[in-house]
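Asker: Sequence:
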Amino acid sequence: MTDLKCSVETCCFHDGDCCCRNDIMVGGAKACSCDETCCENFEQQKEGSARNADGYPDRMTQIDCEAVKCRYNTNYKCQAEHVDMRGSRAGDRRETACATFVER
Numbered sequence: 001m002t003d004l005k006c007s008v009e010t011c012c013f014h015d016g017d018c019c020c021r022n023d024i025m026v027g028g029a030k031a032c033s034c035d036e037t038c039c040e041n042f043e044q045q046k047e048g049s050a051r052n053a054d055g056y057p058d059r060m061t062q063i064d065c066e067a068v069k070c071r072y073n074t075n076y077k078c079q080a081e082h083v084d085m086r087g088s089r090a091g092d093r094r095e096t097a098c099a100t101f102v103e104r
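Sequential numbering of the sequence shown, starting at 1, is according to the UniProt record's numbering.
No wet-lab data here; the hints were simulated from the structure. We put the CB at the ideal spot given by N, CA and C, even for glycine. Treat the hints with care, as some may be off.
[What the hints assert, rightly or not] Below 25 Å or equal to it, Euclidean Cα-Cα: the simulated PhoX-like pairs (lysine-lysine) are: (1) Lys69 x Lys46; (2) Lys69 x Lys5; (3) Lys69 x Lys30; (4) Lys77 x Lys5; (5) Lys77 x Lys46; (6) Lys77 x Lys30.
[Unchecked claim] Between beta-carbon pairs, the in silico distance windows are: (7) Glu81 x Glu47: 21 to 27 Å; (8) Met1 x Val102: 15 to 21 Å; (9) Tyr56 x Ser7: 17 to 23 Å; (10) Gly91 x Gly16: 31 to 37 Å; (11) Asn75 x Glu9: 18 to 24 Å; (12) Glu103 x Glu47: 33 to 39 Å; (13) Val102 x Lys46: 32 to 38 Å; (14) Lys77 x Cys32: 15 to 21 Å.
Take these sequences, add in the hints, and give me the full structure.
Answerer: Right, here's the structure in full:
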């Protein structure tokens with residue numbers, strides 16, 4: 001489990017700086033920088049609708065990762081102690097990014 005701080009305020013799973021999902025997938029199989037990654041689980045919050053929370057907000061999250069060039073990726077699992085997801089005004093997943101990505 002990784003300490004996940006999520007600043008993607010437009011996502012229906014966002015609550016405070018936490019994610020209400022038990023796990024997320026970081027996309028970007030060919031990523032060489034954080035801007036080439038994304039949160040594959042991003043779903044835009046619809047105006048006036050309730051949050052689509054699977055559970056309660058929790059900073060400890062299982063993170064699967066397709067970014068094989070990241071130093072924290074081991075067998076498609078993130079090994080970083082802390083991860084920052086950014087994209088506070090994202091309209092789709094391509095506008096999110098794993099700010100913790102570091103190329104090997």
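Asker: Against this structure, judge whether each hint is valid.
Answerer: Now for the hints, and whether the structure bears them out:
| no. | hint | result |
| --- | --- | --- |
| 1 | Lys69 x Lys46 | violated (34 Å) |
| 2 | Lys69 x Lys5 | holds (22 Å) |
| 3 | Lys69 x Lys30 | holds (7 Å) |
| 4 | Lys77 x Lys5 | holds (17 Å) |
| 5 | Lys77 x Lys46 | violated (30 Å) |
| 6 | Lys77 x Lys30 | holds (16 Å) |
| 7 | Glu81 x Glu47: 21 to 27 Å | violated (36 Å) |
| 8 | Met1 x Val102: 15 to 21 Å | holds (20 Å) |
| 9 | Tyr56 x Ser7: 17 to 23 Å | holds (19 Å) |
| 10 | Gly91 x Gly16: 31 to 37 Å | violated (21 Å) |
| 11 | Asn75 x Glu9: 18 to 24 Å | violated (31 Å) |
| 12 | Glu103 x Glu47: 33 to 39 Å | holds (37 Å) |
| 13 | Val102 x Lys46: 32 to 38 Å | holds (34 Å) |
| 14 | Lys77 x Cys32: 15 to 21 Å | holds (20 Å) |
When the structure is compared with the earlier hints, violations turn up for hints 1, 5, 7, 10, 11 and for no others.
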